[in-house]
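Asks: Chains A and B are the protein sequences, given in the same order. Numbering (the working numbering) for the first sequence: 1 to 278. Numbering (the working numbering) for the second sequence: 1 to 311.
What the hints contain is simulated information worked out from the structure, not anything from laboratory work. Ideal Cβ positions, reconstructed from N, Cα and C, are used throughout, including at glycine. You can trust all of the hints, since none of them are fake.
In silico EDC-like pairs for lysine to aspartate or glutamate, Cα to Cα no more than 16 Å straight-line:
id	chain 1	residue 1	chain 2	residue 2
1	B	Lys-236	B	Asp-48
2	B	Lys-236	B	Glu-222
3	B	Lys-237	B	Glu-49
4	B	Lys-236	A	Asp-84
5	B	Lys-237	A	Asp-84
6	B	Lys-236	B	Glu-50
Computed from the model, here is a short list of chain A residues facing chain B with C-beta under 7 Å:
id	residue
7	His-75
8	Glu-77
9	Ala-170
10	Leu-174
11	Leu-210
12	Phe-224
13	Val-230
14	Ile-233
15	Thr-234
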Amino acid sequence: MAKIDVSVETNDQPSSPPSHPNTCPSCHSHYRDDELERNLWVCEQCGHHFPMRARARIASLADPASFSEEATELHSEDPLGFFDLRPYTERLAEAEMKTGLADAMVIGRAAIDGRQCELAVMDFAFMGGSMGSVVGEKLSRACDAAADAGMPLVAVTSSGGARMQEGILALMQLPKTVAAVEDLHDSGQALLCVMAHPTTGGVLASFATLGDVLLAEPNALMSFAGPRVVQEITREKLPDDFGRAEQNLRYGQIDAIVPRPELRPTLSRLLRLFNAPE
Amino acid sequence: MPPSEHELRLRERLGRLRNLPLVGGARLSGELERLQRQIERIGEEATDEEIWRKVELARHEERPYTLDYVERLFDDWFELRGDRALGDDGAMVAGFGKLDGRTVVLVGQQKGRDIHDRVSRRFGMPNPEGYRKAWHAMELANRHGFPIVSLVDTPGAYPGVVAEQHGQGAAIARSQSIMARLTVPTVACVIGEGGSGGAIAIALADRVLMQENAIYSVISPEGCAAILWRDAGQAKKAAAAFRPDAVNCLELGVIDEIVSEPVGGAHIDPDLAARMLGQALRSSLADLHGIPGDDLRRRRRARFRSLGVFA
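Just chain A, with the same shape it has in the complex (with noise of 0.2 Å):
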């Protein structure tokens, strides 16, 4: 009888099996969607912070039906006519129906307890958040948005960086958005950054760290290269905390880690201070 081998499947199997989205993977307790949405997608038992999607996200820190939302028709195009495995126009299709966005980041005006701001909001789930030409283009006019409207732009962290398959476009989206969050601090306006699990690679290295104010979720990874990349490279033992927020806080980097409860509160206050309109 013919041996088969199967050597190629288990080779392929990664180390522990995947798990259910909603099991916490920091302490496996296990949640229904109702229970995590009603705590914010933060884990009652030990305070992991689940992703969370864009729009949960805008609904968590909006005041009721204040947000509006701007520059809705914006769709990426394929300017390389990229093919790796598959064509990047099916990936995005795929993406657009998995998430029921056009891209990886919505963008409208909004009022966090009654104070007026722009929001900017990244969704993991839309390619890795990965930023593109229409993530470029709706930062861009979000801070213009907020320069023109006098108020400002709080915007929300999620992605594995730069879209690479846009090619060199995706990496002119950080030059790109540094250009417009420096008209928007022309114009006297704040930005406010909250980091996310994860903020890597080219969003990190552009408007994400230029805020005038840095939060970041408590352990979100914010390395501009990955533990996997700087693990092959230098062959350096990580530290546990590689790249977290805790470790960002430690060195200098960001201003405070805010668990997702009082991220509303802690922006409202930030508001107040840097004298958004009502």
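With chain A's structure known, arrange chain B on it following the hints.
Replies: Structure of chain B alone, referenced to chain A:
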């Protein structure tokens, strides 16, 4: 005979190029001439093999590095060292010298020539200290009204534990932010590898040039292959897919001009390569000379804010 598909594509690209927002409005005729010259290059679209050949040339170990050009182009060169906080990063050089009798500040990544030099300069991959050194040099230039030339040649910013602890991402962001605020003329040229964030950190310039055999990309071909193909050995395929060559960058409006190299690559005749680069830098600096600082800054920001393709 109906035009071929290739011809149609070419025409569309020419149209796009003609519609590029022009830098230096007062010098429109010079700009148009320059564009016209560049448009002629577009016919030479690279094949997959040619793209890979450029990746190899851009990384060629005998390719002239930043200091090779400094030596050939600058008089009275004085190197600025250290970031005034933590250390002196050899992967980034900064300094000033005379170019055609005018004081110009230069920043650029530097790869090493021998093994010792390569290791001490981390193969041209700067730490945050390197970017901070560049900030200081650029701020010096801005205080004194000296134009800035930046030469980009890096596989990327260094992915190290300490680099991350010292804020690598923020250093790259801040470097771009400083460049977006400058009121002096700035010209960047990619002279080898324009590797991702580590490269753009010093390339937010009024005029962006690229040598013929240089590459400019969002990720290395190997890195892209490892992620999307799950096999770093597919680097050639990845490079063909994201096209890091100068012609593609020109078509997308990412760079303004391609700088010629000696036949076979810059390493064949570094003196000639330096003369060609020197001429391109001089002509760009001449175009930018006399434009008020506020205009330069406004147009620089507008130029980068216009980049991207979406529907």
